[in-house]
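Visitor: Residue-level listing of the chains:
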Amino acid sequence: MKSLEGKVALITGGGQGIGMAIARAMAEVGASVVITGRTADKLIAAAKKIRKWGGGEVLSVIGDVRNRRDVEHAVAATVEKFGRVDILVNNAQIMMQAGQSIEDTSDEEMMATLQSGLLGTLYFMQGVFPHMQQNGGSIINFASRHGVVGDAGMGVYAMTKEAIRGLSRVAAREWGPHNVRVNVISPVAASAASLEFVRQYPEKARHYLSQMALGRPGNAYRDIAPIAVFLGGNQSRYLTGQILNADGGQVML
Amino acid sequence: MKDLSKKVAILTGGGQGVGFGIAMGLANAGANITLTGRDSEKLQHAAEKISKAGVEVLTVAGNVRQREHANQAVEATIERFGRLDVLVNNAQTVDGGYGTPLATLGDETIAAVLESGLLGTIYFMQAGLPHLKVNGGSIINLGSRIGIFGEVNGGIYAATKEGIRGLSRVAAREWGKFNIRVNVICPAVLSESSIEFLDKNPEEVKRYRSQIALEYFGDPLADIAPVAVFLASAESRYLTGQTLNADGGQMML
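Residue numbers (the numbering used here), protein chains in the order written: chain A, 121 to 373; chain B, 504 to 756.
Hints listed in this document are in silico derivations from the structure and should not be mistaken for laboratory results.
Just so you know, not all the hints are guaranteed correct.
[As the list claims (entries may be wrong)] Cross-link-like lysine-lysine pairs, in silico, BS3-like; alpha carbons within 30 Å at most:
(1) A:K162 - A:K122
(2) A:K172 - A:K122
(3) B:K703 - B:K545
(4) B:K509 - B:K680
(5) B:K555 - B:K509
(6) B:K636 - A:K324
(7) B:K509 - A:K122
(8) A:K122 - B:K552
(9) A:K201 - A:K169
(10) B:K680 - A:K324
(11) B:K509 - B:K545
(12) B:K555 - A:K122
(13) A:K122 - A:K168
(14) A:K172 - A:K162
So here's chain A without its partners, still in its complex pose (with noise of 0.2 Å):
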């Protein structure tokens, strides 16, 4: 039997990078799976490929999770068409420009951060929990290095990740009487900003792989999926609360 059979998963910004690669890892090994995003055109196209490599039915659901409204539009549809939830994957993030000073971010970057990231992991947590309750569930929630280690012009994108952690902490606590897991994956992936990072600054990508243990930037796919697979999965069943940094050897806590 395929390891997520008969599960149910819902994926924030499943339209492209993680997410999309998560959704088709989790479809490859049994689940339906639904993705979130607020483009349409983009998340049809992410949902036909899906549907493609993983066989399995895909859902599509349109809308932006900094707005409740549509967080709970998202576990409705995501009910009605498959019964249940057994698996959030809170990947959504608007990300802010990089680079920028504490002092020099502006209110409008802050909240579309903050709300992206933070209040779109609570919404949607607060949404799937009543579903989760009779079968339990697991969630998986993003952090990132920047956070961990406190990169300098990463301020608002770095509050809100340790924010989430935080969040996925006291949820862990909270909901393990009910068999809700709550995890939290802090990866490093290529994605079309860092390739284009590494063609303009090619010492600087020298020095930051440097740095990593694996010496590799991770691939979404290969790299990252199978973890979110795993603690989406029954292999996980003692683990919450926990950290994973899957980052080729960065963070080590």
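Given chain A, work out where chain B should sit, using these hints.
Guide: Chain B only, in chain A's frame:
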């Protein structure tokens, strides 16, 4: 799914408890196994059970406090199986290392706990390195919440376990370039002696259970072994230097 077939694992202290559970889990995933321990009768008995999973099991009796034993166990493994992929450093003498106040901790206890845990781990890591380098590999060491939290009366046991975590992070950074990953599991399971204690003290059971988010005591095979199988396999290929607290939600870093 058997994702460790054709792999070879050495597991120290595999005759009982968590070590035996992990060995069973690795065998169920298809790995051939070398088991070490001090008591050859106990080892033989464990090997018989594990080989029922359809894998080959080699036993090497000896004491991890002696470097010569580590060298012998690794040599015997290479001679028998031709390779080494996974090393699980589980052996640990506890006698008096936990439960004795610092003020009265004697030299004999200090030596027994430190040498079996920390030195045994480093001896096996050094002996295994040349062979793990060949195809890359995964080293799994065992830490403890007693060390991370700093439990009262945890004395030399806590120090030993945190020493192992420190060593693991250095090895993760030094050996990442050989694609050797080094991670730590901090398991929480009931040993036979603690089951006996809790049977006689039902109030303690309630108190202890209330500190575990998932509200149950871990089982070596069902709860801890799958985490080790994950760390041993390619699923975790981008994780190194990490600590996974497989404790049902007690320690959250």
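Visitor: Given the hinted pair A:K162 and A:K122, is their Cα-Cα distance within 30 Å?
Guide: Holds, at about 28 Å.
Visitor: Can you confirm whether the C-alpha distance between A:K122 and B:K552 stays at or below 30 Å?
Guide: holds (27 Å)
Visitor: Could you grab the alpha-carbon distance between A:K201 and A:K169 and see if it respects the 30 Å cut-off?
Guide: At roughly 20 Å apart (the allowed maximum being 30 Å), A:K169 and A:K201 satisfy the hint.
Visitor: Decide if the proposed pair is consistent with the structure: B:K555 and A:K122, CA atoms, cutoff 30 Å inclusive.
Guide: holds (24 Å)
Visitor: Does A:K324 lie within 30 Å of B:K680 when you go C-alpha to C-alpha?
Guide: At roughly 19 Å apart (the allowed maximum being 30 Å), A:K324 and B:K680 satisfy the hint.
Visitor: Take the C-alpha atoms of B:K636 and A:K324, compute the straight-line distance between them, and say whether it is at most 30 Å.
Guide: Roughly 29 Å between the alpha carbons, so the hint for B:K636 and A:K324 holds.
Visitor: Hey, B:K509 versus B:K545, does the alpha-carbon distance stay inside 30 Å?
Guide: Distance of about 26 Å is within 30 Å: holds.
Visitor: Is the hinted pair B:K703 and B:K545 satisfied, with a Cα-Cα distance of at most 30 Å?
Guide: holds (27 Å)
Visitor: Please work out if B:K555 and B:K509 have their alpha carbons no farther apart than 30 Å.
Guide: holds (17 Å)
Visitor: Holds or violated: are the alpha carbons of A:K172 and A:K162 at most 30 Å from each other?
Guide: holds (16 Å)
Visitor: Tell me if the straight-line CA distance from B:K509 to A:K122 falls inside 30 Å.
Guide: Distance ~21 Å between B:K509 and A:K122 Cα, so the pair holds.
Visitor: Does the structure keep B:K509 and B:K680 at a Cα separation of 30 Å or less?
Guide: holds (23 Å)
No hint from the list above goes unmet by this structure.
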